[in-house]
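Student: So the protein lines, in turn, are chains A and B. By our numbering, the letter at position 474 of the first sequence is numbered 474, and the numbering carries on one by one without gaps. By our numbering, the letter at position 53 of the second sequence is numbered 53, and the numbering carries on one by one without gaps.
Hint data in this document are derived by calculation from the structure and do not stem from the laboratory. It is possible that some hints are incorrect.
As the list claims (entries may be wrong) - Simulated restraints on C-beta separations:
id	chain 1	residue 1	chain 2	residue 2	range
1	A	A245	B	D164	29 to 35 Å
2	B	G136	A	P117	49 to 55 Å
3	B	G182	A	A188	46 to 52 Å
4	A	F181	B	G136	32 to 38 Å
5	B	G40	A	W316	47 to 53 Å
Said to hold, decoys possible - Where chain A lies over chain B, by a calculated footprint (3+ residues, C-beta under 8 Å):
id	region
6	78 to 85
7	104 to 112
From the three backbone atoms N, C-alpha and C, an ideal C-beta is built for every residue, glycine too.
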Amino acid sequence: MTSVAAPVRPAAPAPVHARRWIRRRRIAAEGRVDLSTVYVVTLTVLMAAALVGEPVARVVWPSEVSGDPAVTPFVAAVAALAAFFVLLRQLGPLSVSRSDATWLLLAPISRRSLLAPALALTTVAALVVGAGIGITVTGRIVARPVELLALWAGGLTGAAAAVFVALLAIAGQPRPAAARFADGGGVAVGAGSLVVAAALSATGGPGLPAVPVPPLVVLAAGIAALVVGLFLVGLTGRAVERWPAAPIAEASINAGAYADVAYAVEPSYLAEMSARRFWRSRTRVRTTRLLPTRWLSPLIAQDLIILRRKAPRLWWPVGAVAVPVYLADGPAWLLLGVVLIGALGAAGFTGESTHSDAANPAMLRLLGLTGRQVTAARLVVPAVIAGGWLAITLAVLQGLGALTGPWWVLGLLAGPAVAAGAHQRAKASAASVGTILIDTPLGAFPAGMLLWLLNGVDVLAVLTLPVSVGLVMVPAPEVLGWPWLLAQAVSSALGYALLVRLSSRATGSL
Amino acid sequence: MTTVVDVRQVTVRYGSTLVLDRIDLQVPEGGAVALVGENGAGKSTLLRCVTGLQEPTVGDVSVFAAVPGRGAEFWRQVATTVESPSWYQGLTVREHLDLVRVVNGGDPDDGHIAELCVTLGLAGLSDSLPSTLSSGQRQRFLLAATPVRPSRLLVLDEPEQRLDTRIKGAVAAHLRSYVASGGTLVMASHDDGFRVGVGAGEVVLIRPEAE
Chain A
1 MTSVAAPVRP
11 AAPAPVHARR
21 WIRRRRIAAE
31 GRVDLSTVYV
41 VTLTVLMAAA
51 LVGEPVARVV
61 WPSEVSGDPA
71 VTPFVAAVAA
81 LAAFFVLLRQ
91 LGPLSVSRSD
101 ATWLLLAPIS
111 RRSLLAPALA
121 LTTVAALVVG
131 AGIGITVTGR
141 IVARPVELLA
151 LWAGGLTGAA
161 AAVFVALLAI
171 AGQPRPAAAR
181 FADGGGVAVG
191 AGSLVVAAAL
201 SATGGPGLPA
211 VPVPPLVVLA
221 AGIAALVVGL
231 FLVGLTGRAV
241 ERWPAAPIAE
251 ASINAGAYAD
261 VAYAVEPSYL
271 AEMSARRFWR
281 SRTRVRTTRL
291 LPTRWLSPLI
301 AQDLIILRRK
311 APRLWWPVGA
321 VAVPVYLADG
331 PAWLLLGVVL
341 IGALGAAGFT
351 GESTHSDAAN
361 PAMLRLLGLT
371 GRQVTAARLV
381 VPAVIAGGWL
391 AITLAVLQGL
401 GALTGPWWVL
411 GLLAGPAVAA
421 GAHQRAKASA
431 ASVGTILIDT
441 PLGAFPAGML
451 LWLLNGVDVL
461 AVLTLPVSVG
471 LVMVPAPEVL
481 GWPWLLAQAV
491 SSALGYALLV
501 RLSSRATGSL
Chain B
1 MTTVVDVRQV
11 TVRYGSTLVL
21 DRIDLQVPEG
31 GAVALVGENG
41 AGKSTLLRCV
51 TGLQEPTVGD
61 VSVFAAVPGR
71 GAEFWRQVAT
81 TVESPSWYQG
91 LTVREHLDLV
101 RVVNGGDPDD
111 GHIAELCVTL
121 GLAGLSDSLP
131 STLSSGQRQR
141 FLLAATPVRP
151 SRLLVLDEPE
161 QRLDTRIKGA
171 VAAHLRSYVA
181 SGGTLVMASH
191 DDGFRVGVGA
201 GEVVLIRPEA
211 E
């Protein structure tokens, strides 16, 4: 018998080589970085800087510290770190590009080096975000002129804290059950801190201890924490070798979808994807008996069921009530914007059904309902939520002395107007806004994301004019008179009626 | 007997592709018709024309003596599986069925939904969210949601698809009793046994290019 040599087992290729090879192929086929992408990103950054650069700079580094340093900036920093945690969890945080997820994730190559760029990026992002938070806190508690040492102490301590937050987010990635609790905790801590910080800033809050810790001690503690954090990042880099493929693949799909959204190919997909992830994580849903109830319109009952099931997400609108409190003494336009956008966000809480019907009206045909019937019913719950949110927010501002008169009633009355804006927003599909390009001197700029963000805000701005004008024209001690309430009631009623009237009389469209 | 579906000389083209070529079809009230033919013969396209979801290039379609697909009155009488709904993400399977029945004026507790769920093997999935169902379960869910509401005309696109033998038999029996009680049925099917089980007459469509 002839002996047959065993086949040679090929050595596993190093992923860095595999990726380098793929990159070389891609560059050969498509050329290097697309100049138009660089242009779009640069233009976006410049526009953002021009629009919000100055107010942000003022928030990060006020020209002087007013009054005694308080604990409020620390509580606000906790809220910012919680938001960073939630954002990292949404993104993965360790993911690879979609093509790498398809071709390299399941190939026999080291997972550690495959994920090394993502780990490095997450760490750098944590360092930058943390340093920013640390410097902001320093700028709000240290008297001017600030020593360089204090600045370093703040920046490094903040960076160390953010690195630990990033480590927590990474640790959750291969443990979905534990991570779900951590996500809930992150949202609760973030929203809770916002409320506490608002309460503290409203009441003055307790001051910092009379004997402050010397900056040198803070700096030493910060450096020590940062060294430990970076060491743990190194250990995490080793641990990812044993990670299963599923959490990386899922994160890569999400990160890829976010990239699509950023390119304005399908902006409304962002909300859809977030909703899909949320509902997939609900494992203990039980059928309710609310729909067969005769005294409630079935579509209103549906919105109430969704509201009840999305209770874990109610933390954000509740926390957002606190945001206008920070701005009570700030410029009126900023307060106005935050109040109205917060109300719009609260009203959009049950908007998924409307978005789904607008994208695919097959369900409406199955239900045999006209667009008008659907619109009339689907505005009710958002109107109540938005009215409630506005009433509480304006009442809090009233409690702080920024407003006087029946402002909470005005908030309640504005509910339907905000609901109309939220309904318009939920109806928008990618097809209506996604492919619009704005011509600029150096080429076309995809305006999908911008338009998607502004969609519905136009309706909101017109219908809530009495609230807007009132906030600008009637600051305390002037008392809000009843004509303002009447004007808002008329505007809300008109908006509601017009939206229903303009909806389709046919079945199968809104 | 009243003609419910009246298709006259309907031609449909997608670009340069001829999908339906001068098709005639009349279905009387209480009648059951199955469109059969190879893939690409235009079965689904004809069903879409009957539901008004597709405008014929040439020819006339009328359903209940009116242009199909217009207005709420049409959709109160016609139920279809020609298009697949994107289900509401936060509602369970049972809540969807309750919603469809309540909105159409039915009583969700009269046992009709429970019976359909048992027939279609959905009884254990009442608390499931639609996004967690498999493709076969989704097909059964759609088949349950369609007859949950009262209708006079059912337009079904290959209802036997992805069903196991037991459920296929139960669905056929259900459709047979729908027709026996005066409903009209137009469906596309690839399964002769299923068609015979429903008691539907055969209308053969031939790909225009193959003529």
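Student: The structure should be examined with respect to each hint, and the outcome stated for every one.
Tutor: These are the hints, each one checked on the structure:
1. A245/A with D164/B: 29 to 35 Å: 32 Å, holds
2. G136/B with P117/A: 49 to 55 Å: 41 Å, violated
3. G182/B with A188/A: 46 to 52 Å: 57 Å, violated
4. F181/A with G136/B: 32 to 38 Å: 34 Å, holds
5. G40/B with W316/A: 47 to 53 Å: 50 Å, holds
6. 78 to 85: holds (count 5)
7. 104 to 112: holds (count 4)
In summary, the numbered hints that this structure violates are 2 and 3.
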